[in-house]
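Asker: Now for the letters of each chain:
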Amino acid sequence: EAGVAQSPRYKIIEKRQSVAFWCNPISGHATLYWYQQILGQGPKLLIQFQNNGVVDDSQLPKDRFSAERLKGVDSTLKIQPAKLEDSAVYLCASSLGTRYNEQFFGPGTRLTVL
Amino acid sequence: EDQVTQSPEALRLQEGESSSLNCSYTVSGLRGLFWYRQDPGKGPEFLFTLYSAGEEKEKERLKATLTKKESFLHITAPKPEDSATYLCAVLAGYQKVTFGTGTKLQVIP
Chain A
1 EAGVAQSPRY KIIEKRQSVA FWCNPISGHA TLYWYQQILG QGPKLLIQFQ NNGVVDDSQL
61 PKDRFSAERL KGVDSTLKIQ PAKLEDSAVY LCASSLGTRY NEQFFGPGTR LTVL
Chain B
115 EDQVTQSPEA LRLQEGESSS LNCSYTVSGL RGLFWYRQDP GKGPEFLFTL YSAGEEKEKE
175 RLKATLTKKE SFLHITAPKP EDSATYLCAV LAGYQKVTFG TGTKLQVIP
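Those protein sequence lines, which keep their order, are chains A and B. Reminder that position 102 of the first sequence reads as 102 in our numbering, one-by-one numbering, no gaps. Reminder that position 89 of the second sequence reads as 203 in our numbering, one-by-one numbering, no gaps.
With the rest of the complex left out, here is chain A:
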């Protein structure tokens, strides 16, 4: 089966610019997660969707980050405006159902903010 797809794989922007990441989860997976992973650290959950509703966005910096999951399938994560400290890998993951179970991760998008 096809895995979680993410694009772009790499992105370099200047601070104060905006950027968007795209994620297509595994077909049939109801739950979608966006994580931020800073070099040398574990992934930090930014937002979790159940179908197209938000389950948890407590760690999402809402003044600059936004995310949506239209029609309960693919999702976009946007940063506007970007700061230097946003440099990280942004990981998307999906899982089958409402219970936290096996998560499948995409390859990630490496963002560098100059």
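For the record, the hints were derived by calculation from the structure and aren't laboratory data. Careful: at least some of the hints might be erroneous.
What the hints assert, rightly or not - Derived, one-sided and incomplete: chain A residues facing chain B with beta-carbon distance under 10 Å:
(1) Gly3
(2) Lys44
(3) Phe65
(4) Val89
(5) Ala93
(6) Gln103
To be verified - Here chain A is said to cover these stretches of chain B; the calculated rule only asks that three of the stretch's residues, wherever they fall, bring their Cβ under 8 Å from a Cβ of chain A:
(7) 169–182
(8) 214–220
No experiment lies behind these values; they were computed from the predicted model shown. Heads up, the beta-carbon is just placed ideally off N, CA and C, and yes, glycines get one too.
On the provided structure of chain A, position chain B as indicated by the hints.
Answerer: Relative to the frame of chain A, chain B by itself:
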């Protein structure tokens, strides 16, 4: 605040030299503990889920165990291809997920 601490930060083993990685946690209402493997430039790959103290899971050279305060990932007779960063994560409360910072394992031929 939920906390997950992994040790050691880095581990270097000779091929065939068995060892254990530790994941200790402080959470309210643990619902599950998860182990992942992450290779450089890739997303984490799921290994195990443990739900209750005393539970054990095995996969090839890896065995995960869980107590009320920590989990161990035992690696028996590791091979160079086991080199990776191993992450643990806990699920507590209402769907709240917290990852540790990982243990970077290097297995020398």
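Asker: Next, verify each hint and record whether it holds.
Answerer: Results for each hint:
no.	hint	result
1	Gly3	holds (9 Å)
2	Lys44	holds (7 Å)
3	Phe65	violated (17 Å)
4	Val89	holds (9 Å)
5	Ala93	holds (7 Å)
6	Gln103	holds (6 Å)
7	169–182	violated (count 0)
8	214–220	holds (count 3)
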